[in-house]
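S.K.: One-letter residues, chain by chain:
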Amino acid sequence: MNQVIATTVELAGVTTVLLLLIATPLAWWLARSRRWWKEIVAAVAALPLVLPPTVIGFYVLIALGPASPLMTLLHPFGVRTLAFTFEGLVIGSLFYSLPFAVQPLRTAFEGVGDRPLELAATMGAGPFDRFATVAVPLARRGFLSAAVLVFAHTVGEFGVVLMVGGGIPGRTEVLSTRIYSLVESMQFGVAHRIAAALVAFAFVALLGLLLVDRRIGLPRP
Amino acid sequence: MRAFARIIAAAVLLVMAHGSARAAETQVAVAANFTAPAKEIAAAFRTATGHTATLSFGASGAFYAQIANGAPFEVFLSADADRPAKAENDGFAVPGSRFTYAIGRLVLYSTIAGMVDPAGAVLKRGTFAHLAIADPVAAPYGAAAVETIARLGLTTTVRPKLVTANSITNAYQFVATGAAELGFVAQSQVIGVTGGSRWLIPAALHAPIIQQAVLLRTGAANPAATAFIAFLRGPQAAAIIRRYGYEVTAH
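The listed protein sequences derive, respectively, from chains A and B. Anchor point for the first sequence: position 97 equals 97 in our numbering, and the numbering is continuous, going up by one each time. Anchor point for the second sequence: position 69 equals 69 in our numbering, and the numbering is continuous, going up by one each time.
FYI, nobody ran anything at the bench for these hints, they're computed from the structure.
Listed below are several chain A residues computed to face chain B (Cβ distance under 7 Å; list not exhaustive): (1) Gly65; (2) Pro66; (3) Thr81; (4) Ala83; (5) Leu162; (6) Gly166; (7) Gly167; (8) Val183; (9) Glu184; (10) Ser185.
Backbone N, C-alpha and C define an ideal beta-carbon position, used for all residues, glycine too.
Starting from the given sequences, assemble the full structure and let the hints guide the process.
M.R.: Here is the structure:
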């Protein structure tokens, strides 16, 4: 049981850190760009919101299988497939939770507005400086939202893990698939307990997010 | 004239009502391994009787949990005999309606030609990274796979390479995509597939996979449900079932 919890937390944690790194430049570009095709990119980034997780999982399985072009790049390093590996689950989770990182970050960056950045530019700050020392602190609510949402969403991930995981203890078995196995084997008591713990966790996470969000707020000028 | 029109209208309604009473629909839960033959049987059933059997596919374990909680299935085709027996004991099934519709065969299959030899020595050699099985707890084909491995004395040898799929369909997907080099699947899943390599597991290596069907209480009053059970027991269905590599006992 501890192993299952550890794998779940590790998967959610790694996904959160990686997604914050990946989604931040993307969200910044979506917030600031004036290109006509930016909403097309935004729609693609939001696709995992509407795709059924088993569809995402199925295509991740194909993409991580030995026949895919992606894997042929790794064959020289002795990697045949990333299916049934923790790394494969992380890749699936990155797609699955991407919109939950991009949306809050984009909204927060848009909320910064042009004025603070223009003021910083008049004081001689370069583009990266403006981003890092002006925009990021102003957008910290978005970072907090993104982190909590991605973490909680990945803890609840099921369809992708089911399709790609293989249920290997210590590597690809997580709480959501464990509950499913317990229900299938009619051990409802244990399943109830784990599910209750997950609901409680999700509630505490979201409540905590909302409370901290109000406290940090936007700084007064 | 109005009386005449009324008679015509009544006659039309009578014919329509008669037609719709004949073309009923039934909800059938089908074990994942029986997907392909079930679709053919449902099509033949439609042609023969006019009734529609709406099929849902999945793991027998998941279906039992749903049925026990009021899912609207009327007929249950399980991959084992335990769950239909349980349904009967727990009062979800019509007593006496349980029967064996097929006896399943297990196959060790790989898309890679030359991987699986007709004696299964590849399991001992261990020249693979992943061996796929269905979850033994929820899927009888998974339980049969585990039993086969145990009878061959290879449980500890293959354990580090086992990947468990939630259903036999999922297990087949692992093998078909090549993610797992080989896996234990149902014969019906690979009977029409050419290429690759396979070993039909001798029946002596595992308890027979006796697949039973049962009429659920929700379907007791539905003529389409009772007709489907009757059709499943009949010769037309038996011919289809045999073609997919199952054994059918005389009823």
